[in-house]
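Taken in sequence, the protein lines are chains A and B.
Read in order, the letters of the first sequence are residues 1 to 303 in my numbering.
Read in order, the letters of the second sequence are residues 1 to 231 in my numbering.
Please note that a few of the clues may not be correct.
[Claimed, not checked] List time: in silico PhoX-like cross-link candidates among lysine-lysine, alpha-carbon distance up to 25 Å:
| no. | chain 1 | residue 1 | chain 2 | residue 2 |
| --- | --- | --- | --- | --- |
| 1 | A | K7 | B | K221 |
| 2 | B | K227 | A | K194 |
| 3 | B | K221 | A | K29 |
| 4 | A | K212 | B | K226 |
| 5 | A | K7 | B | K227 |
| 6 | A | K7 | B | K146 |
[What the hints assert, rightly or not] Which residues of chain B face chain A? A partial, calculated answer using Cβ under 7 Å:
| no. | residue |
| --- | --- |
| 7 | M104 |
| 8 | G142 |
| 9 | M145 |
| 10 | D147 |
| 11 | R184 |
| 12 | Y228 |
Hints in this document: simulated from the structure, not taken from any laboratory.
Every residue, glycine too, gets a C-beta built ideally from N, C-alpha and C.
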Amino acid sequence: MIYVENKDLVIPGQILADDEYYSGRGTFKDNGKVCSSLMGLVSLRNKKIRVIPLKSKYVPKKGDVVIGKINDVRFSMWDVNINSPYSGILPAFEVFGREKKELNKVFDVGDVLFLRVVDVDEIKKAKLGLKGRGMGKFKGGIIVDIAPTKVPRLIGKKGSMINMIKDKTNCKIVVGQNGLVWVKGDEDMEQLTKNIIHLIEAEAHTSGLTNKIKNKLYLAIDGELPPEENQEAEEEFVLEKPKLQNFKEELEQEEKEAEESKEEKEDKPNIAEVIEELKRKNKKDNPLSYGESSKNSFILNNK
Amino acid sequence: MMSEMIREDGRKFDELRPIKIEAGVLERADGSAYLEVGGNKILVAVYGPRESYIRRLLEPNTGVIRCRYNMAPFSVDDRKRPGPDRRSSEISKITADALRPALMLENYPRSMIDIYIEVIEAEGGTRCAGITAASVALVDAGVPMKDIVVGCAAGKVNDEIVLDLSEVEDKEGQADVPIAMMPRTGEITLLQSDGDLTEEEFAKAIDLAMEGCRQVSELQKEALMKKYSTE
Chain A
1 MIYVENKDLV IPGQILADDE YYSGRGTFKD NGKVCSSLMG LVSLRNKKIR
51 VIPLKSKYVP KKGDVVIGKI NDVRFSMWDV NINSPYSGIL PAFEVFGREK
101 KELNKVFDVG DVLFLRVVDV DEIKKAKLGL KGRGMGKFKG GIIVDIAPTK
151 VPRLIGKKGS MINMIKDKTN CKIVVGQNGL VWVKGDEDME QLTKNIIHLI
201 EAEAHTSGLT NKIKNKLYLA IDGELPPEEN QEAEEEFVLE KPKLQNFKEE
251 LEQEEKEAEE SKEEKEDKPN IAEVIEELKR KNKKDNPLSY GESSKNSFIL
301 NNK
Chain B
1 MMSEMIREDG RKFDELRPIK IEAGVLERAD GSAYLEVGGN KILVAVYGPR
51 ESYIRRLLEP NTGVIRCRYN MAPFSVDDRK RPGPDRRSSE ISKITADALR
101 PALMLENYPR SMIDIYIEVI EAEGGTRCAG ITAASVALVD AGVPMKDIVV
151 GCAAGKVNDE IVLDLSEVED KEGQADVPIA MMPRTGEITL LQSDGDLTEE
201 EFAKAIDLAM EGCRQVSELQ KEALMKKYST E
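Please work from the sequences and hints to get the whole structure.
Here it is as structure tokens:
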């Protein structure tokens with residue numbers, strides 16, 4: 001016996017189902033009943049019930065890509081704030097290997113870095129590394145803070161949402177799984193992107209979000225929906241209308257992808273893919289500026 | 001005969017004061033709630049789970065909560081001297097103890113949650129109202145928990161057991177029994193008693209207060225649902 005439907009909003013302590021259902025993340029079993037432990041949306045698959053929280057703190061997991069800020073420079077490592085109850089450490093040998101250099105000449109307090117979680121120990125301290133494409137220090141830009149659970153929504157299905165924002169605003173955007181987003185572009189565009197990201201965060205649990213954001217973006221940048229775009233949007237709407245219910249599946253798919261990328265450390269998070277995709281795209285669009293900015297944007301340790 | 005009795009403020013013996021709860025009212029806190037019960041106005045902010053700067057409080061296998069109950073100097077008729085006193089220290093402790101059994105902090109070892117309860121205006125029953133508001137704020141902060149704790153008081157006024165004492169009833173009444181409970185299982189997480197009650201009266205007071213808790217609990221749920229369903 002189940003008492004809720006998929007995508008229902010539930011609150012802690014609410015009874016979700018009887019014993020024959022499995023209790024997944026965000027739920028617990030009590031007295032033969034599956035109950036929610038969080039405020040969030042129900043996700044139901046093969047008799048397994050999960051609750052996707054609306055708000056939560058980031059808990060580091062091995063394999064995640066995160067954005068962090070240098071808090072302190074120590075003798076052989078950096079202390080990194082990764083927007084979590086647990087701080088991260090970046091050991092010097094992850095950056096230099098065997099070489100010995102002065103740490104504060106490479107990264108200093110206040111620098112913002114794009115990092116990978118190499119390992120998490122039993123007291124949840126995260127060991128960070130810089131191995132991977134695009135890992136390193138950010139120059140300029142702004143940091144936008146969102147709830148980590150909303151990250152899959154910001155990226156969208158196969159990066160649909162984030163790519164749309166990037167194309168329209170000409171900003172570079174990097175999303176960390178800890179809920180920090182780095183945005184760099186024209187000053188106005190940075191602010192616009194920031195507002196759009198906050199809008200996505202606030203409305204992450206509503207449906208039809210990608211189209212809503214699309215309209216907002218076009219309105220803000222072009223002043224109006226251009227006629228062709230308008231048509232396109234209309235067409236899309238007509239096309240999508242008969243299979244409106246598919247949106248739920250789409251959402252599920254997104255969640256599944258996000259979940260898988262979180263759960264399986266082997267499986268590379270789709271954020272990394274998105275970033276790589278963006279890089280390729282940028283390369284095609286304006287190779288000159290990319291070449292320049294890539295030198296500025298990232299210090300790559302593994303040459 | 002009992003249901004005939006009308007109290008000083010016109011309520012029936014089992015009637016609560018009007019309640020208004022709002023979740024997520026503060027921008028910078030991780031979770032927050034605002035609550036009005038009769039003349040009480042209470043604001044609660046929750047921060048965390050976050051890294052703690054007080055090493056000695058940390059637990060290696062679970063998260064910890066800290067609670068601070070504070071009354072504003074202008075919250076009562078005579079000016080209240082600001083700063084912690086015996087009463088607010090006690091209420092801070094019992095609030096933390098009342099909320100702790102519901103929280104599931106095993107996933108956040110070595111972290112700390114701070115709860116700040118600010119009484120802006122007081123009119124009797126602030127400890128129960130504080131617990132009610134604090135658990136709404138904890139849900140808003142996304143802290144995993146077994147149930148939403150709710151507080152409510154019953155007491156004895158003019159030889160009658162009544163629900164949800166106001167300030168006048170608290171001062172002139174014969175007894176006050178504030179409780180906090182988890183409504184799903186009916187577990188009581190706080191039980192205090194002040195004044196003289198016979199055994200039957202005490203049992204009656206607890207039954208009445210538990211019934212009151214269930215009513216308040218519905219309002220808590222409504223407030224939480226309302227915050228996210230409007231969009």
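Problem set entry | Holds or violated: K221 (chain B) to K29 (chain A), with C-alpha atoms at most 25 Å apart | Holds. K221 (chain B) to K29 (chain A) sits at ~21 Å (cutoff 25 Å).
For this session: Quickly compare the C-alpha distance for K7 (chain A) and K221 (chain B) to 25 Å and report which way the hint goes.
Result: With Cα atoms ~18 Å apart, K7 (chain A) and K221 (chain B) stay inside 25 Å; holds.
For this session: Mind checking the CB of M145 (chain B) against every CB in chain A and telling me if the closest is under 7 Å?
Result: Holds. Min distance 5 Å.
Exercise. Given the hinted pair K227 (chain B) and K194 (chain A), is their alpha-carbon gap at most 25 Å?
Worked result: 23 Å, holds
Problem set entry | Holds or violated: K7 (chain A) to K146 (chain B), with C-alpha atoms at most 25 Å apart | The hint holds at about 20 Å.
Exercise. Should the hint that R184 (chain B) touches chain A count as held when the rule is a Cβ pair under 7 Å?
Worked result: Holds - the Cβ of R184 (chain B) comes within 7 Å of chain A, reaching about 5 Å at its closest.
Exercise. Quick one, are K7 (chain A) and K227 (chain B) close enough, alpha carbons at most 25 Å?
Worked result: OK: K7 (chain A) and K227 (chain B) at ~16 Å, within 25 Å.
Exercise. Regarding the hint that Y228 (chain B) lies at the interface with chain A, is the smallest CB-CB distance below 7 Å?
Worked result: 6 Å, holds
Exercise. Within a Cα-Cα threshold of 25 Å, do K212 (chain A) and K226 (chain B) meet the stated pairing?
Worked result: 22 Å, holds
For this session: Mind checking the CB of M104 (chain B) against every CB in chain A and telling me if the closest is under 7 Å?
Result: 6 Å, holds
Exercise. Holds or violated: is the Cβ of D147 (chain B) closer than 7 Å to a Cβ in chain A?
Worked result: 4 Å, holds
Exercise. Against chain A, is G142 (chain B) within 7 Å by beta-carbon distance?
Worked result: Status holds, d = 3 Å.
Comparing the model with each earlier hint shows no violations; every hint is respected.
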